[in-house]
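Asks: Required output: the full structure, derived from the provided sequences and hints.
From first to last, the protein sequence lines stand for chains A and B. FYI, my numbering numbers position 172 of the first sequence as 172, with every residue one higher than the one before it. FYI, my numbering numbers position 75 of the second sequence as 75, with every residue one higher than the one before it.
Keep in mind the hints are simulated off the structure, nothing from the lab. All the pointers check out, no bait thrown in.
Using 25 Å as the maximum straight-line C-alpha spacing, the simulated DSS-like pairs for lysine-lysine come out as follows:
(1) A/K179 to B/K47
(2) B/K170 to A/K179
(3) B/K331 to B/K243
(4) A/K121 to A/K47
(5) A/K179 to B/K67
(6) A/K47 to B/K96
(7) B/K243 to B/K328
(8) B/K96 to B/K205
(9) B/K205 to A/K142
(10) A/K148 to B/K205
(11) B/K67 to B/K47
(12) B/K47 to A/K47
(13) B/K83 to B/K96
(14) B/K170 to A/K109
(15) B/K328 to B/K117
(16) A/K179 to B/K96
(17) B/K83 to B/K243
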Amino acid sequence: MILPRARTLVLSAITATLVAMMGVAMQRELAPRPTPSIAGNTGPEQKPLGAEEEAYAVALWPIHSEVVEVSAADMSFAGIAYITEHHDAHRLEAKVMPLRDRFRSAADKARSMPVPASMGKVHDQYLEALALFETASMEMIKVAADGKVEHLIEAQTMSQRAAEELLIVGDVLWPGEYKPN
Amino acid sequence: MRNLVRRIALAGLLASAGFAEVAVATSAKAQDQNCSVWLVESSRFMKVPMGAFIPDRAFIPGSTDPKHNINTVDLPVNVGVIKCGNELILADSGWKQQEYHKMTGTEHWAPLPDQLKFLGFDANNVTKIVIGHGHWDHAGQLSDFPNAVIYIQREELNGIEWALNYPNPKIAAVNTSPGGCMRTPACGYPPLTVGEIYGKVLNGKAVIVDGEAEILPGVKIHPAFRGHTAGSQLLEVPTSIGKLVFGSDTYSSWEGIRDWMAANIQQTDTVQQFLAYEKCYKITGGYQNCISAHEPLTYTDGYPITKNSWVALNGGRMAEIALAAGEKSHKPQ
Numbered sequence: 001m002i003l004p005r006a007r008t009l010v011l012s013a014i015t016a017t018l019v020a021m022m023g024v025a026m027q028r029e030l031a032p033r034p035t036p037s038i039a040g041n042t043g044p045e046q047k048p049l050g051a052e053e054e055a056y057a058v059a060l061w062p063i064h065s066e067v068v069e070v071s072a073a074d075m076s077f078a079g080i081a082y083i084t085e086h087h088d089a090h091r092l093e094a095k096v097m098p099l100r101d102r103f104r105s106a107a108d109k110a111r112s113m114p115v116p117a118s119m120g121k122v123h124d125q126y127l128e129a130l131a132l133f134e135t136a137s138m139e140m141i142k143v144a145a146d147g148k149v150e151h152l153i154e155a156q157t158m159s160q161r162a163a164e165e166l167l168i169v170g171d172v173l174w175p176g177e178y179k180p181n
Numbered sequence: 001m002r003n004l005v006r007r008i009a010l011a012g013l014l015a016s017a018g019f020a021e022v023a024v025a026t027s028a029k030a031q032d033q034n035c036s037v038w039l040v041e042s043s044r045f046m047k048v049p050m051g052a053f054i055p056d057r058a059f060i061p062g063s064t065d066p067k068h069n070i071n072t073v074d075l076p077v078n079v080g081v082i083k084c085g086n087e088l089i090l091a092d093s094g095w096k097q098q099e100y101h102k103m104t105g106t107e108h109w110a111p112l113p114d115q116l117k118f119l120g121f122d123a124n125n126v127t128k129i130v131i132g133h134g135h136w137d138h139a140g141q142l143s144d145f146p147n148a149v150i151y152i153q154r155e156e157l158n159g160i161e162w163a164l165n166y167p168n169p170k171i172a173a174v175n176t177s178p179g180g181c182m183r184t185p186a187c188g189y190p191p192l193t194v195g196e197i198y199g200k201v202l203n204g205k206a207v208i209v210d211g212e213a214e215i216l217p218g219v220k221i222h223p224a225f226r227g228h229t230a231g232s233q234l235l236e237v238p239t240s241i242g243k244l245v246f247g248s249d250t251y252s253s254w255e256g257i258r259d260w261m262a263a264n265i266q267q268t269d270t271v272q273q274f275l276a277y278e279k280c281y282k283i284t285g286g287y288q289n290c291i292s293a294h295e296p297l298t299y300t301d302g303y304p305i306t307k308n309s310w311v312a313l314n315g316g317r318m319a320e321i322a323l324a325a326g327e328k329s330h331k332p333q
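Replies: Encoded structure:
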């Protein structure tokens with residue numbers, strides 16, 4: 001049996017410990033979180049591309065800038081127009097179908113390019129992004145069959161993943177791709 | 001006749017009294033509607049050539065003319081944080097830096113939700129984001145504010161879509177280098193950013209604005225079409241220090257507004273940019289309360305409204321611009 005005074009002491013000690021723990025937890029919670037390491041001028045210098053790698057980057061550029069990026073952005077606009085303006089699934093299909101063909105054709109062209117061994121991983125990543133865009137476009141087209149908006153949500157998620165892949169590849173092949181706007 | 005004069009005088013007095021009452025009510029209402037405002041530096045673009053930012057201030061080596069003796073400038077990417085009652089509004093949303101999206105020459109980037117937390121706000125409580133325009137460095141991080149509704153002009157969306165579908169691929173390009181686009185019509189709208197806007201539309205969290213809109217009492221959107229991009233817009237905010245106008249990149253440079261110089265010309269009609277400058281003069285009564293997105297003097301005495309500043313996460317800066325009645329300072333002591 002614990003004496004009343006001892007019990008008071010034990011309870012006080014427990015209360016003090018709990019208060020201290022809450023204090024530490026609050027301090028941790030309120031403290032600014034460490035930010036991820038910031039790239040840019042402070043990061044390590046990127047190794048310049050060799051001659052073969054540079055040739056590969058130059059050859060892929062027209063496909064990337066004139067076909068893939070434009071089509072990817074346009075696919076989002078097809079969805080925006082469907083949701084905010086016409087709600088016509090067949091019009092959506094008519095808009096997206098040619099974009100699917102463009103992704104397919106871009107992938108065919110990219111596959112036929114000579115790829116330096118050192119660029120194999122980057123090349124595969126780029127083809128994966130194109131495949132994702134193509135799959136996303138086919139997912140969007142399904143709306144014409146059943147009218148379910150879930151296809152658009154699924155497609156948008158895939159497109160965003162593909163868009164990130166484009167940036168990863170772009171960081172290797174075309175650093176400084178984006179400038180202040 | 002005397003009676004008539006007396007009656008007219010009486011009517012005048014009553015009308016004046018009525019007017020005074022209305023004026024008092026309006027003034028009280030305006031006071032109630034005052035918002036608190038902060039500015040957050042989302043990141044900083046380092047060493048941008050002055051001539052690329054303000055063409056009429058291009059650097060001339062050896063010049064002692066203050067208009068031509070600055071070689072490069074560091075441009076902050078400013079995001080407005082506006083609290084009106086229970087509503088938390090962002091003017092622009094910066095851009096999202098990732099390991100794969102470094103943006104050469106950028107420093108001091110930190111996630112906007114973390115910056116808001118540092119300022120004492122929760123990203124989940126952001127209710128509205130007014131996108132001054134849809135460029136990648138102003139409409140990023142949207143998915144990090146799941147409860148926020150974005151406001152974007154239909155003209156902006158139409159302008160981008162038109163450009164993307166233009167038959168000449170050099171004109172339709174969204175990218176900036178090498179040789180992809182440089183101030184061309186779709187330049188600066190990469191798929192990831194457009195996809196973020198589309199995500200908001202899909203989730204029922206987007207308002208497509210047609211011209212003017214009052215999104216809260218006294219908080220007004222004004223179109224500034226072609227002032228920077230096809231569908232640029234301004235945001236008027238009532239505060240205890242008068243009305244402010246957030247100009248996004250239509251007001252890229254505050255010195256540009258002060259000195260009537262075109263700045264950051266992208267998809268810009270300079271006539272429309274100057275008219276947008278004039279709009280700020282008209283709304284605020286001058287240039288002091290025009291809030292610029294990339295003014296190099298921001299957070300210094302050189303841009304007085306932003307001088308109450310401090311250094312926050314990762315070296316990025318913040319400023320407290322105006323406090324509504326009852327709002328305590330968020331500046332760290």
